[in-house]
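Q: Sequence:
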Amino acid sequence: MTKNGCSPDSYTNSSLIRGLCLEGMLDEAMEIFIVMEENGHRPILDNYNALILGLCKSQRTNISLEVFATMIEKEYMPNEATYTILVEGIAHEGEFELAADILKELYMRQVVSRNNYAYRLSNIQSTSLSLI
Numbered sequence: 793m794t795k796n797g798c799s800p801d802s803y804t805n806s807s808l809i810r811g812l813c814l815e816g817m818l819d820e821a822m823e824i825f826i827v828m829e830e831n832g833h834r835p836i837l838d839n840y841n842a843l844i845l846g847l848c849k850s851q852r853t854n855i856s857l858e859v860f861a862t863m864i865e866k867e868y869m870p871n872e873a874t875y876t877i878l879v880e881g882i883a884h885e886g887e888f889e890l891a892a893d894i895l896k897e898l899y900m901r902q903v904v905s906r907n908n909y910a911y912r913l914s915n916i917q918s919t920s921l922s923l924i
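Counting in the numbering used here, the sequence shown runs from 793 upward without gaps.
Derived from the structure by calculation, the hints contain no laboratory data. Cβ coordinates follow ideal geometry from the N, Cα and C atoms, glycine included. Careful, some of the hints might be misleading.
[As the list claims (entries may be wrong)] Taking CB as the label site, the calculated pair distances span:
{"#": "1", "residue 1": "Val903", "residue 2": "Thr862", "range": "16 to 24 Å"}
{"#": "2", "residue 1": "Arg906", "residue 2": "Leu814", "range": "25 to 33 Å"}
{"#": "3", "residue 1": "Glu830", "residue 2": "Ser914", "range": "36 to 44 Å"}
[Unchecked claim] Calculated pairs, EDC-like style, for lysine to aspartate or glutamate (alpha carbon to alpha carbon, straight line, at most 16 Å):
{"#": "4", "residue 1": "Lys849", "residue 2": "Glu880"}
{"#": "5", "residue 1": "Lys866", "residue 2": "Glu830"}
{"#": "6", "residue 1": "Lys866", "residue 2": "Glu885"}
{"#": "7", "residue 1": "Lys849", "residue 2": "Glu815"}
{"#": "8", "residue 1": "Lys849", "residue 2": "Asp801"}
{"#": "9", "residue 1": "Lys896", "residue 2": "Glu872"}
{"#": "10", "residue 1": "Lys896", "residue 2": "Glu880"}
{"#": "11", "residue 1": "Lys849", "residue 2": "Glu887"}
{"#": "12", "residue 1": "Lys849", "residue 2": "Asp819"}
{"#": "13", "residue 1": "Lys866", "residue 2": "Glu829"}
My request is simple: use the sequences and hints to build the entire structure.
A: Next comes the structure, spelled out in structure tokens:
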């Protein structure tokens, strides 16, 4: 694409990032993300969500939290999906109490819906109990 003088837009990059993350190619996905910004393309929320999801699924939640912090610094407004990805990633790494506390805070701030709160909390609790 770039060889023909065409520059990928945020939506094309989003597809690339999501696909690379699904294949476990996180370093490549992060590189595309960085190059995209260097080329003047402002990432869309889906770019961040795809990258955060890929990092969480590969048990690199600490890096996903850094990406999340950068997202906030750049004045992006995370959506319910963003928070759900992070909470599940934290819980997946065994930090059940932290995940539940974050989820409760998000519910109290009305960031996540009542149904999503109840569903996610139930998942966190059942996962933590299954390890006993």
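Q: If a hint holds in the structure, say so; if it doesn't, say that too.
A: Structure-based check of each hint:
1. Val903 with Thr862: 16 to 24 Å: Holds - the Cβ-Cβ distance for Val903 and Thr862, about 19 Å, lies within 16 to 24 Å.
2. Arg906 with Leu814: 25 to 33 Å: For Leu814 against Arg906, whose Cβ atoms are near 31 Å apart, the range 25 to 33 Å holds.
3. Glu830 with Ser914: 36 to 44 Å: holds (42 Å)
4. Lys849 with Glu880: holds (9 Å)
5. Lys866 with Glu830: holds (14 Å)
6. Lys866 with Glu885: Since the Cα atoms of Lys866 and Glu885 sit roughly 27 Å apart, the hinted pair is violated (cutoff 16 Å).
7. Lys849 with Glu815: holds (11 Å)
8. Lys849 with Asp801: This hinted pair is violated, its Cα atoms lying about 26 Å apart.
9. Lys896 with Glu872: holds (13 Å)
10. Lys896 with Glu880: holds (13 Å)
11. Lys849 with Glu887: holds (15 Å)
12. Lys849 with Asp819: holds (14 Å)
13. Lys866 with Glu829: holds (12 Å)
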